[in-house]
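Colleague: Single-letter residue listing:
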Amino acid sequence: MAGKVAAREGITLKGSASIVSEFFNYGINSILYQRGIYPPESFTRVQKYGLTMLVTTDPILNNYLKNVVGQLKDWLCNHFVQRLVVVINSIETNEVLERWQFDIECDKTMTDNSQPREKSEKAIQDEIRSVIRQITATVTFLPLLDTALYTDKDLEVPEKWEESGPQFINNSEEVRLRSFTTTIHKVNSMVAYKKIDSF
Amino acid sequence: MCSRITVRVRPRLFQRLEASRDPGERREIQAESGRLSRRTAGDRMDDLGENTTVFSTLRSFNNFLSEGSDTIPRTSEPDSVSRMLQLQYEQRIQAEEQADYVRSHSRILEVEWEKQKMEVSHKRARIELEKAAQNSSWNYEREADRNQELITQVKQLREKEADVETKLKDQIDVNKSLKEDLGLQSKKLQEKEEKLAEANQMIDVLKAKISEQQQQQMGQEMQLTTLRTERQELHEQVEVQHKKWQEAVQKIQTLEAAQVVNAENEQKLKELENKMTQQEQDSVIVKNMRSDLGRIPELEKELRQLKEKNAYCREVEDNNSLLKEELESLRKKLERLEKLKEEKVALELENEKLLAKLQSWENVEQTSGLNIRSPEDLSREIVLLQQRELLLKQQNSSVTTSARMLEKTRQQLQDDALNLRTQLLSEQKKREQQEANARRMEKRNILLIKARDGMKSILDSYDNELASNYSPQLNRRVREAEDMVHALHTHISELEHQLSQALEDVGNHKLKAQTLEAELSVLQKQVAVADQGITIEEGNELRQKIEELEAERSHLDKANKVLEMKLERYTLQGDYDPTKTKVLHLSMNPCSLAKEHHITEQKSLKEECVHLRERVRILEEGIVPEQLGSRTNLPPSQEIAEMRKQVNSAELKNQRLKEVFQKKIQEFRAVCYTLTGYKIDVTTENQYKLSSMYAEHQDDCLMFKVRA
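Sequence order for the protein chains is A and B.
Counting with the working numbering, you get residues 263 to 461 for the letters of the first sequence.
Counting with the working numbering, you get residues 5 to 712 for the letters of the second sequence.
Chain B with its partners taken away, still in its complex shape (with noise of 0.2 Å):
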């Protein structure tokens, strides 16, 4: 705003300023312009710069005026009057150039003014169009929230309409189908209409049927009552035929008796005639024998001849026996003998041998030196002999564990005596350590002799030197240095009391080891001594004995084990000691109890089997029971009867229909004859006579044959 320079000049002062010349006038209309001015200043607060060129205008008329004024009275010459008037036209001149420069000015003050206003207006403008741009961009956010809430309401009934759609063509489909569904089930019952028409058909046709079929059975029932008084007919026929069927039966058993005793009697006839070969052929052997009973003296002589031969025969077995016996007895006291002697012989050497044995015995006595007369002394020498072996035995035997002790306790002794080796080498390099630790303290303490020397040195320098205030810290310092001479002291002093042990440690160890050794020594040369006694050989069979003891101690092992096995599968199968033990049961348990039921049980089946077969038997052969009722010995049963009954009326049946057919058959006849006038008759198999009535001899008839 500023910058803008508008300016507002009233043109009737400036006119005023024009036309007077005077410079009261002029100071007027300046105060004028200058009450305008504050005015124009106090009306308008947003005018400043305004006013400060109004201001400035102002001054720059007010010194023109100035300016003028002041030329105006320099003038006042004539020739100059027309200088005057020049001037003054000059003046004016220039005062009216200044007034259109004024006039100009103030016209595009005011122009700018006009803007000014115009540019406010116009951001007024522009800024009431921002707010109703911002309104209206308020509103069109608005508008197009809402267009959006529009949109997607609009989307979602359009979902709503598109499901709608689809619920739509489904309920459409279905109503289709439905329908459809509708047509068929209109369709079916059409159907069904038909076929129960059809069917309300069909039960008319059957009623229809049904009164045809009853009226048959009308008639079928009166031709079974017809058919059943036939029947009855028949049956009676039957049971004639029955009777006399079973008169024929009777004869046919009475034949049959006839016929069993006929045959019996022609077994009795061939065993007489069996007999009557067999005396026959007994008289033969009657005549033969008879022939022979003539020689029989004969053979009685010759039997007793042979009789006394046989005697005599047996007396000479008999001693031909007992000199068999004595010559066997003789041979074996031969034989005997003969030993005897053999062993005689052989005694008789053993004999001399024995003598020389004996000689030299009794020679060993002359030998040896001892008091041996008989061989008692020697058995007697002998025990002692063994005595005295028995005891260097024993001696033996403790000097060997003695030995064994002894190779026990060098063994200890050696080993003991590697340990103090050890332990002597460990003790020499400890105590090399420790006089070496004892060199190292040596010098150490010669060190701090030294030390303490210098320092004592340069504790008496500094005390002949220095003033007293140093004197507590050189005393605490010195205190402080002798109390670790004192330690080290000390520590020498452990040290070397140390070492005096281990030198008294070591000294002991050397006197043991010495000790030890010269023990070992004598051992050493006690067992060499005891190690002669002790052979090579002896240690062998040991061994030996040893293992042969161990071989026969698994042998019995084994044969142990195979044993208890024994044993355990005895006991298992249920063996048991019979001197010791006996087995018992009672007598009545389940198991005799069931035998005995078992067994009763089987005779009662068998009887019954028996009994049972007999039975069949009887009833296979097929006497009426009733007339047999002694032999059955049965009770007639219900069973029996009823088949009876059924068996009667199986043959009253027979008979009336073979009644009834006789007659029917001859009513045929007749009445074919009485028709056609031809009698057909059966003469034999295959063979047929024709004959008819109107023929002209009673004789004339047809043969005919059929073929088979």
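Extracted from the complex, chain A is given alone in its bound form (with noise of 0.2 Å):
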């Protein structure tokens, strides 16, 4: 390992725009299991930026996050992506509970052929992990979904692909948690949810 973290000193744009799509990857999969949007038994341990992720086994959502993020990084690398909003909407009412919303900020003037930039893997895995870390503990306050919910994923491109709206939650509470950067991305974290009607 340490012969690898001396092979890796700069920061490409390819490999930011890897490292951000992974996080994508084990994020959305931390929040699937932390919201129990898919039961608890279906997803297996693995070991990422030096904590346990949860990531499922399920066959079909496997390939769509596959599906996505692959398409992402492609994106990453063209500085394409500004946005990737995680949403989770009820079954029965079609109604959005909740909105995971992560912006992307590119520097656009980086290329394929620049320069790579200086900054430490470990940095950027010691910040993706407090990311992880604080999605983990928005559980506390977030409120319990216990209607059949299942997820989608919209991603704000200025490009076409397959149009949908913008799927806002009318009555919300907003809160924004961690950012990291590569020194070629930079990722903020929010998360919006439906405000619970005080009895």
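The hints are simulated quantities; they were obtained by calculation from the structure and are not laboratory data.
Owing to the predicted nature of the structure, the values given are computational and were not obtained by experimental measurement.
One should not assume that every hint holds.
In silico lysine to aspartate or glutamate, DMTMM-like type, Cα no more than 25 Å apart, as pairs [stated by the list, open to error]: (1) B:K586 x A:E284; (2) B:K272 x B:E251; (3) B:K164 x B:D177; (4) B:K570 x A:E435; (5) B:K584 x A:D414; (6) A:K457 x B:E568; (7) B:K607 x A:E354.
FRET-style restraints, in silico, Cβ to Cβ [said to hold, decoys possible]: (8) A:A385 x B:K565: 25 to 35 Å; (9) A:A385 x B:K570: 25 to 35 Å; (10) B:E568 x A:K370: 18 to 28 Å; (11) A:G298 x B:K584: 33 to 43 Å; (12) A:N432 x B:K565: 47 to 57 Å; (13) A:N432 x B:K343: 52 to 62 Å; (14) A:R379 x B:Q548: 20 to 30 Å; (15) B:K570 x A:L404: 20 to 30 Å; (16) B:K337 x A:N433: 18 to 28 Å; (17) A:R379 x B:D581: 26 to 36 Å; (18) A:G298 x B:Q650: 27 to 37 Å; (19) B:A563 x A:R391: 54 to 64 Å; (20) A:N432 x B:L597: 19 to 29 Å; (21) A:G298 x B:K570: 32 to 42 Å.
The beta-carbon is built from N, C-alpha and C at its ideal position, and this holds for glycine as well.
Since each chain comes alone in its own frame, lean on the hints to assemble the complex.
Modeller: Pasting the structure below:
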């Protein structure tokens, strides 16, 4: 491992894109686990970022995530993606219950041929770890989701793919979470959830 | 020992002494006594005291004897024979007295010697006693120690004894308790044995009971078998009854079907009656209609007339509307023209005013004296003036800046001047101090010179007066004094140098101060000139402008913050720029899949629901499924077969029970009739007929009624 770290001294555009897309993969998996959208027994443990992450074993969901993340990586290299949104909505009422939004700020001056940027892998991993921990910690204050739920992922991209609506929540509370940066891409995280009606 | 006088004189010697008056014999006796005394001295070492007394008594005795001997020869006269005899008699008496005295003395000495011996022996005895006492005391101590040891041993032994006693007591107590426990346990054992005996008795009793019960059980089993056979008979009866019931049910169904048909027929009848009534009503209506029909041609004529009128009216309306529009347009024109008129009037007034102004402007040329004939010239002049104004403003601003700069320099210069003044004062003080030092130095110098002169004169005087022995010292002193003088000279020269420097510095500072004062005066004059340019009013205006700008700036800052907050909120809520970004999602996402799944599930559930409802309805109707297998389209299931079997079995049971019941009742009634001779029949509810075998007539009976 030490040899690997020494070799990757600089972060290239492709490297940064792969780091960010990997983060999204694991982040979305942990959101799905924490919010109880899929049954916990369908998740398996892997080691990543120095934490024990839970990833799904459901083949359909895995395939879907692979598609999304692969496409994301492509778009990140081309500076096309501005924002990734994970939307949790209820099947019966078809309304949006929760919205996890990841804003991506891209350094446009960076291309495939530019010099790699100096940032240690460890620092990036530490930042990602703190974001993942915060996502886990949000479980304490987010309202319970006890109806049948399913996820949807929206990407705000200045190009055509398959269009949909912005999926806002009407009466929402927003919480801004930590961000991390690879000096080429900066990812800001936030979660918006429907306000609970108090009696 | 020396104090005690013990005399030991041999009485024989003494008698011999008495007997012998011969001096020679006396001398012999004396020698013997001397020898004795020597012997006594040789024999007893301890009796030195005795020897001295012996010697003293011997001396006295010898003296006496010598006196006696001396006295004896002197008295040789006859006359004196009596005197001699008397003297001799007296001498003899004296000698006897002395002998008695000596004897007593010797006796005393003996006694004393014996006393000494006794005392010695006493001492020895005492010493021995003391030794014995010591020994006895040691022994006593030893005995005492032994005693104490023994006492301690005794105590320990007593303690042990006490412990042992206590232990004994405890053991005794324990023994007692154990004995009690034993007693209790023996009692318990006895009780248990009694209980066991009782239990054994109970067991015997129970065994007897068991055997009885087994016998009962056998009897009951026999009864069971009989009852089972009866039950089977009753089942068969139940089956028969069930068949009858089914036939009845079928009849009921046919009846119901017939009733249904009846009801339908009645409904049809009703409908037909309704139709009849409607038709009657229709016929009435038709009659009315016919009458109306007669009126139709007249109505047609009227219709045509009305249509013509209508068309005419519409044309009139159109004309009206056209005319109204024309009216409105004309009114608008009127209004416009009136406005135009007013405007024209206003314009004319303006025109006149402008003409007047123009004339005045044209007159300006005459009044101002400039080369202005047209407005262009005016504008040109104005432009020139504005340019000049701009220049002046620039100059003004530059002048203000220079004024500020000058003010700053003035302030700085003032500060410098203050500093310089303070420095000057300090320098003056220093100079004064140094002058004072210099004066002191001069005084010291004078004093030293005086001292030196004095010393020199002293030295000269010394040189003139004294020898060469003191010269080295004096020379040394002189050298020292000279060194001191040199040192003082140098010190003085240094001080003078410092003084001169201080004076020079003071002079320089004075020059600087004078130059600065001169410059200050020059600058003050300049500032006074420049200050006239800037007025207070412009300053106030500038301040007001600054305040306004600052207020605007704060306002704009707040607005900026508010907008930033809003932006933040919108981005959090997920706002985006629709012109630059588009929202996309994968069509094959879990949400849509789940929705489809949901929908399909719902559909299937609904179908199942409908299906199940039909089935339930069919089952509730209660028709045997085998007969209506085509309607249900369901395969016969195991549960249904089981249910049917159960139903059948229950029906059979019912039938059999009924048959058995009937038989028994009939038997019972027959037996009652034969045994008692009376027969009771139930005629109607609560009425019973009692008839006897032995009645005269067959129909004789008694009627009874049961009170409800």
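Colleague: Checking each numbered hint in turn, tell me which of them this model violates, lowest number first.
Modeller: The structure breaks hints 2, 12, 14, 16, 18, 19; every other hint is satisfied.
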